[in-house]
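Peer 1: Chains as they are written, first to last, in this note's numbering: chain A, 1 to 226; chain B, 1 to 297.
You can trust all of the hints, since none of them are fake.
So these bits of chain A aren't anywhere near chain B, every CB distance computed over 10 Å: (1) Asn117; (2) Glu137; (3) Lys157.
Cβ-to-Cβ under 8 Å is the rule here; a few derived chain B residues that face chain A: (4) Val206; (5) Gly212; (6) Phe217.
From the structure, some residues in chain B lie toward chain A, with a derived Cβ separation under 8 Å: (7) Tyr8; (8) Glu204; (9) Ile207; (10) Met208; (11) Tyr210; (12) Ile211; (13) Ala213; (14) Thr214.
It is worth saying that the hints were derived from the structure and are not from the lab.
All values reported here derive from a predicted model rather than from experimental measurement.
Glycine residues also receive a C-beta, built at the ideal position from the N, C-alpha and C atoms.
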Amino acid sequence: MIEFKNVTKVYPNGTIALDGIDLTIEDGEFVFIVGGNGSGKTTLTRLLIKEEEITSGEIIVNEQKLSKLKHWQVPYYRRGLGMVFQDFKLLEQKTVSENVAFAMDVIGKPKKSKDLNVKTALELVRLLDKAHCKTHEISGGERQKLAIARAFVNEPKVIIADEPTGNIDPEMSRGIMELLIKINKQFDRTVIVITHEEQLVNFYKKRVIRINNGKIESDEGGGKSL
Amino acid sequence: MKSYRPAYFIGEALKGLWRNKRYSIPTILVLLGCLVLVGSSYLIYENVDYNMNSLGLAKEIVVFIDSEATDEEVSAIGERIAALDNVDVANLVYISKEEALAEEADKYAEYGDLLEVLEGDNPLRDSYVIPYLTNEGVSTLVYQLNQIEGIVKINNRLDLAGNIENLKSGILFVLIVYMVILVFVCVFFIVNTIGLAVMARADEIVIMRYIGATGWFIALPFIIEGIIIGVVSSILAYFAQSFIYNYIVVAIGGNFSIINTCPYELVQNEILLGFLAAGLFCGVVGSFLSMKKYLKA
Chain A
1 MIEFKNVTKV YPNGTIALDG IDLTIEDGEF VFIVGGNGSG KTTLTRLLIK
51 EEEITSGEII VNEQKLSKLK HWQVPYYRRG LGMVFQDFKL LEQKTVSENV
101 AFAMDVIGKP KKSKDLNVKT ALELVRLLDK AHCKTHEISG GERQKLAIAR
151 AFVNEPKVII ADEPTGNIDP EMSRGIMELL IKINKQFDRT VIVITHEEQL
201 VNFYKKRVIR INNGKIESDE GGGKSL
Chain B
1 MKSYRPAYFI GEALKGLWRN KRYSIPTILV LLGCLVLVGS SYLIYENVDY
51 NMNSLGLAKE IVVFIDSEAT DEEVSAIGER IAALDNVDVA NLVYISKEEA
101 LAEEADKYAE YGDLLEVLEG DNPLRDSYVI PYLTNEGVST LVYQLNQIEG
151 IVKINNRLDL AGNIENLKSG ILFVLIVYMV ILVFVCVFFI VNTIGLAVMA
201 RADEIVIMRY IGATGWFIAL PFIIEGIIIG VVSSILAYFA QSFIYNYIVV
251 AIGGNFSIIN TCPYELVQNE ILLGFLAAGL FCGVVGSFLS MKKYLKA
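Using the sequences provided together with the hints, build the complete structure.
Peer 2: Below is the structure:
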């Protein structure tokens, strides 16, 4: 479970990015976080992955207070989160399978389980036939699928996708969303999608949290696997 | 179970070095140059010491015994010398006049007939070679030796030895100053080289951090990169130093035969170990400084 308790973030230049946010996301939920530019949704993500420190309040993830985490504990905390980015953040000089395997190398998984997990993750995103292609040889949509496979391979409890469809065409965007929903339903993972694409959000009828000027404007359609 | 493979880190470090060769090769050359400069100063110091010893300017005094003294008196003088302060008793050496003559005969073997004029008479005296412990107490020691009955001559080259000791101290001082300055230069170059390698892989590092890589996982290939730069520089510097030194030894041997040059074999292990230690130190410190913020995060 993820809880934001009266979370405020003020940047050193005085900008109030988040202003007393209260929010609970249950295990296995699928949540859209939407809002315009400067609304605070990116700050919310950065706080959740412990890239930024909160000014006041508390964020609790799986009963772990993020403010109490020591520097050295942050990487281990992040291993419980799978991150998907708008710009994919792939290693261009590596192949599709190497990109996925790299996520396991980083946390020191043994080779035996690595091979199996990489295969499973690539099967899930239907990229097994392109396992040996370099990342620049695959399309934008496939690159995002690869990023999802990498986020999923270490079996994190939470997947956070920051504008996952921002760099791909509308048709492929649906494919990406279907994939995230499949991970949510089939593997019971919590999925948080940060986006500004209202059309996409309206299509899937999931819980939608709207942020505006650092505050929660609305929180609709709550509940698990609607 | 976690299994971080050493081959991964070494492989990444080698790839990084190759990718960053425009900066890593000049850094290796700068380190090599600095190490050879320090090594040359050390070799000058060692050669001064070597020449001091070969000229008999080591920390020792030679006393000659009255030729009329009996064997018992000579032994008694030896015991009195051994009882004095500042005498390195363990290395106190007695040289009988027969041994001294034999040594001279060996030294001038090519003029064999020269000693025949002595017709069995030995003009030399029994002597003691007295090594001393500290320079400070030498004057007192010489005074005390003068008081011992039966000692007719005391040989010490305190002035010359003192001057050469001063020269050695000067060279040692220059050597230390060199080392400090050059360590700063080397560390500066390595910090910059590793810094550039980090910049070249900035995107990869960002990805690693999001995936949950620890600071050590991110930093280790760069630290190994620094160590490789240090070790490669040390080994190359060792061979360069050997070549330069032997070249100079040959030149000195031909033109200044009065100077004895210390054989490289006597100091090569110290040079190699010193270079490796300095190279490793610079490599580790330089790369640690570059990766400090990643190790903290």
